[in-house]
Every structure is written in C-alpha cells, then in structure tokens.
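So the sequence shown is numbered by numbering that gives the first Met the number 0: it starts at 0 and just counts up by one.
Don't read these hints as lab results, they were simulated from the structure. All clues stand as given, with none of them false.
20 Å max Cα-Cα, derived SDA-like pairs, lysine to any residue: (1) 257 with 236; (2) 251 with 227; (3) 514 with 479; (4) 563 with 435; (5) 563 with 598; (6) 514 with 447; (7) 237 with 250; (8) 597 with 564; (9) 433 with 487; (10) 565 with 582; (11) 179 with 282; (12) 443 with 364; (13) 179 with 215.
All of these numbers come straight from a predicted model, not from anything done at the bench.
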Amino acid sequence: MRHFQRFHIALILILPFSSSIYHFPFLVFHSSVSAQLSVPQWPKDAIWYQIFPERFRNGDPGNDPTAEEVEIDARRGWRVSPWTSDWYRLQPWEERHSDRFYENVFDRRYGGDLQGVLERLDYLADLGINAIYFNPVFEALSLHKYDASTYHHIDKNFGPNPRADAKLMRQETDDPASWKWTSADSLFLKLVKEAHRRGIRIIIDGVFNHCGTRFWAFQDVKVNQQRSRYADWFDVRKWDDPATPQNEFDYKGWWDYKEHPEFREGPAGFVPPVREYFFNITRRWMDPNGDGDPSDGVDGWRLDVANDVSHQFWKEWRTLVKSINPDAYIVGEIWDDASNWLGGDQFDAVMNYRFARAVVRFFIDSGSRKYSVSDFDRELADVRRGYPSEVNYILQNLIDSHDTDRLPSMIMNPNRTYDDRNGLRYHPDYNIAKPTAGARQIQKLILLFQMTYVGAPMIYYGSEAGMWGADDPDDRKPMVWPEIQYENERSHPLPGKTCTNDEVKFDEELFLYYKRLVRIRTENEALRRGDFTTLRADDDAGVYAFVRKQRNNEVVVVMNNSEKEKAVDLTLGGRRSYRDALTGITIAESDQLVLVLKPKSGSILVGER
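Please work from the sequences and hints to get the whole structure.
Structure (structure tokens):
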C-alpha cells in the first residue's frame, strides 16, 4: 500500500462586511500520487446520463418479451404493460394475480430496448449529454438485468430478433471461438458507433461479483452437481444427495439472495476459469473485432458492488482494460470512502455517493438533519482531501439513480436517510405526489450546484423531463416523452388509500433549464477542470459562494439556500466585469459584487476577459 503525503493549504480571512470568519479550502494536492497517477482526461468534460434500458423507450414493439421469456404463467394473461398507463393502476393480468401493487410490479415489462435509445440519441445530444452509463445490458431474466444469464451477449429482447438470437446462443460452448454476434449484439455495436459519431461516450455495467440462476455455467452445475466442469466456479456449500428425496444443493448468494449466485474467489481473486471468462468478455466488448483499435467498443465500465470483489482481481483486470484502451474509464460503485481503490492501480473514479448525501442534507433536509453552509463546505472539502486531485475531477457526481428515490421525491420527503428504502413499501407516510413548484425550485438550485461543482455531473434518465418517484420500483417508471400523452397518476399502491390526480407530462420548462445549465458547464472550462475556492460560507444568511478558475476563465457561483431573499456582497481581488450566465446581464467592472438573490436560487457569474 502506498502512503500518500497530503498538503492542505488554507486561508483564513475576515471580510470587512461581516464579523464572520470565512474558510477558503483549496483543492488538495497529493504530491506522491499525482506524479504516478494516470486517469483518462475526457471524463473531466463528461455530462453523464444514466439509462435504465427497459424503461427508456420502446423503439421496437416486435421484440417485446413474451410470458414464456420472462417465465410467467401465460394463464395469467400477462402482457407488456402500456407505456403511458397510470403507474400504480393494476393491469387486468395483475388483478387476476393479486390486488397488491407490490406483488405485481416486478413482473412488469414495458419493452424498452436499444432501438429506443438509438431513436433518442439526438435528444440526448440536444440536451448536451456526451457520456452515457447503461445499467446492465447483458442477457438476463429480470427487468433490471443484474442477474446475468451470460455476459457475452446483449439481452435478446433489447435487439430486433429475440427468437433467432436465442437459437444462436444455444449452439455455443464456453469456448470464445464459438461465440457468435447476435442481432442484439450487432444493434448494440451500432448504437456505440452512432453515439461516438455524435461525440457521446458509452460505459456499461459490469456485474462481476454474481450472476443469475439462469447463467449458463450455473445451470450446468445445477444439473450435473459436482460432476459439472464448472463446479468450482461457484461457492457451493452443499451438493445434492441423489439418495434422498430432498434437494440439498446450497450455495452462496449475494447478501444470501439465492437469485444471485456468487462467483467463487480464492486468495488471488476469482478462480482461474472465472477470471479468464471475465477477461474474454472484457476484450469482446472493448474491441469487438479484435483489430487492436478500441474505437468500435465501449469506452469504459461501471463496476457493480465493487467492494465485494477482491482488490487483486481489480488490479489484474485494470491492467487488461488499459492494455486494450488506455483511455478507458473505470468507475466503481463504492458508497463510502473509496481511497483504497483509487491509488492508480484499480479504479479511475467512483460514483460519488458522499457528494449525493451531502447535497441532500444541505439543500433538502431541515432541523437537526440539515447541514449548515459551513457543514456542507466542510464535508465537500473532506471528500476532496481524501482523493488525489486528478480523481476529484472525474468522480461521477450523482444525486439519484436506480438505487434511490428520484430527486424531486427526495425533496418532497425531507429528513430521511439517503437510500433507506424510501417508498411506501416500507414507509407508509412517504409522499408519492407530484412535486410542487417549491420542490421544483429546490431541484433547480441543486442542479445549479451539481453543474458548477468539481466532478462530472450525472443525470438520471427523466430528471430533465420532470419525472418523480419513490425508491425501487417507483424510480424505474417508463420515460416521459414530449410527443406522448400519458394517463394521470390517480391510483394508490396501498389498499384503501387515495391519491391526488397528478398530471404526467414532459416538463418543457424544466428541460430547457437543464439544457441551459449543461451548456454553461460545457462552455466554461473552469467548471470542468478549474480550481475550487470557497468565497463565502454564511450560516446565518444561508449563503454559499465559491469560485472556479482555469487559466483566464473565472466563474463565481453564489447560492441562497434560505427561505428569504438575500442581498449578497462579495469582495473579489482585481477589477473586472461579470456576466450572469443565466440571465445574460452584465455586472459593471468592480472589485465588489452586490447581488440580490431570491429564496432557493443562485447566480453563475462568468468573468469577462
């Protein structure tokens, strides 16, 4: 383990307009790391967009799954659910099964596919997106695809010819030389090509810790038990005894979920055949034609439950990834301090959940849970200090995802622990209503901060369209599109409860606001690559201000997180004029800025050259 020497530079300044003391933490330098650390540069400029494929867009109804393909009794009359239907209203086939929403919803499919993503690449480009993170796309039984049946094929129902693809897959062996390119595989590679043509990078979910019970090697183990050639691929606790009527077969599942058998690990990581399989599928998707040019492959990987896989495997796997494409981006799902993975020999970055939790406590929570301005500033500085400076710029700064309630619903439900099953299944008092105008204003303020802070912002699909929803499953509603008319949400998932009649439609005004903030970040290098300095952290006023600087580009960000209008004056070194990037108004040349900010609002001031 390397030992990193840390240098923390700080300035304490008493400003003349207040008796408060302001703390100016600079980005931290890790001198012994920076000289050795190598991370890709393009993620510094990334505007990430997370796509949950089954719920983004149904571009090809002809590939919609059948009851047989999702292993549901066809006698129930199962059908693909209408894209535009009231989310909580039970479909006829669901009513025949149960009158309980949560006993039905996980069997739903809406038909989202790769053709749907292809059709909306221009929509994403118009929004300003230049990087997509896909939730799992590999063949799997579930709607979320975290239970892979194989890693060397794209899910057949995401492609144009599911039945032909299934037949082709049945003809293969474990030898990579026998692996064909299915129609779904080919469509995915076309999607990568079309995204690249628009300047959009693509990373995919790598779920290497565990698979699903339909995984081809596990199926062989279930049938052949210890005689299977894949018997050592999994952590089997007990084999079945054929002399007894019971099935004693038992194995380790992720968090003891038997639907997710874990791959077997030894002291050096995954056992050799598992390791080799993952190496083979990595080569397949990063350089599909094997010509040494990775431009036709994916641009990186998001690694699921990365802390459950050994450091040794990640070190070896990183070496492989970087040998294929030195510019590939490796980002791990680590919910807390990730410094053990960010020394330059495993991941390039992580999903910045520490950032997300701090944002919720500052902008959303109240009372004892609420962060003061100085608390918030201190927490952000702690995160920056914990990682090499180059890593800070490429962290994925998310707020919500497929694992949490959506941001607008977080705002409607303050003072809850982040990602604590926040929904009606576990919290009957959870508010599922459409966000109010006040909630939307907070959402906009959070976006303003997200788009101006250090690190690469990530938008969860539909946030820009005005979507809301509790934690899983409600955070996975079908995407709301401007040209489609949707039913209002008027049903309630709990028996005997009533719901407000909430209109579901694409929020054009919110979309344009997202687009404007994305453009501001894209046009200002300081927001993507610049230094960060706190200018003001005023607990009494609820005002937070900071400056980002890169070469001649200087951007001052001022936010009023209070419930009252605030007059804010800032003394800045040097005389220059500033342009408000949101309004276009130019503030005359001066060494002092005076702003009047409405409640829950902010300004982005770009220094004029």
